[in-house]
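Trainee: With the hints as extra help, turn the sequences into a complete structure.
Read in order, the letters of the sequence shown are residues 764 to 894 in this note's numbering.
The set of hints was computed from the structure by calculation and includes no laboratory data.
A hint or two may mislead.
Between beta-carbon pairs, the in silico distance windows are [as the list claims (entries may be wrong)]: (1) Arg-783 with Asp-861: 18 to 26 Å; (2) Val-774 with Val-822: 27 to 35 Å; (3) Phe-840 with Met-777: 51 to 59 Å; (4) Met-777 with Glu-835: 26 to 34 Å; (5) Ala-767 with Leu-865: 27 to 35 Å; (6) Thr-846 with Arg-779: 55 to 63 Å.
Only pairs whose alpha carbons sit at most 27 Å apart, straight line, appear in this in silico DSS-like list of lysine-lysine [stated by the list, open to error]: (7) Lys-873 with Lys-832; (8) Lys-863 with Lys-873; (9) Lys-863 with Lys-832; (10) Lys-863 with Lys-805.
We put the beta carbon where it would ideally sit given N, CA and C, even for glycine.
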Amino acid sequence: GGCAAEAMRVVGAMNRIGVRWTPGKQNGEPVRVQFNLPIRFKLEDPLPYEMIGPDTVYVEFDTPLAYRKGEEALTAFLDSVLTYPEIGNDSCLVGDMDVKMLVQPNGSIKVLNVNDFNNLGFDFQFEAIRA
764 GGCAAEAMRV VGAMNRIGVR WTPGKQNGEP VRVQFNLPIR FKLEDPLPYE MIGPDTVYVE
824 FDTPLAYRKG EEALTAFLDS VLTYPEIGND SCLVGDMDVK MLVQPNGSIK VLNVNDFNNL
884 GFDFQFEAIR A
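Mentor: Next comes the structure, spelled out in structure tokens:
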């Protein structure tokens, strides 16, 4: 899967559908030529919302969301409740995680996903959600 597989599929389709190139020449004779074909992938322009189950979730809005007590208070809160999992004590693991949350109109949250960028493991993911 992925972009490499899609690039190979598209280039492979050239022969199947009859796309032909003008070959390079050496001393007036056609020769094999190595060529790097740049293929650019781009995402479609995103919609201002996503559908999560039956709900519309906005990703563009007039006023951005904010932690009610401010960003410094959020940092202080996380520092006060986040504990380093015991499993990491022997390995000194450090790294980053993103917790994807859905913030409801009443301000409550629902965890949708955790991205463990450094493969810290389940105990760290659980702690990120618990905090």
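Trainee: Confirm or reject each hint.
Mentor: Here's how the hints hold up against the structure:
{"no.": "1", "hint": "Arg-783 with Asp-861: 18 to 26 Å", "result": "violated (47 Å)"}
{"no.": "2", "hint": "Val-774 with Val-822: 27 to 35 Å", "result": "holds (34 Å)"}
{"no.": "3", "hint": "Phe-840 with Met-777: 51 to 59 Å", "result": "holds (56 Å)"}
{"no.": "4", "hint": "Met-777 with Glu-835: 26 to 34 Å", "result": "violated (57 Å)"}
{"no.": "5", "hint": "Ala-767 with Leu-865: 27 to 35 Å", "result": "holds (33 Å)"}
{"no.": "6", "hint": "Thr-846 with Arg-779: 55 to 63 Å", "result": "holds (57 Å)"}
{"no.": "7", "hint": "Lys-873 with Lys-832", "result": "holds (19 Å)"}
{"no.": "8", "hint": "Lys-863 with Lys-873", "result": "holds (9 Å)"}
{"no.": "9", "hint": "Lys-863 with Lys-832", "result": "holds (20 Å)"}
{"no.": "10", "hint": "Lys-863 with Lys-805", "result": "holds (23 Å)"}
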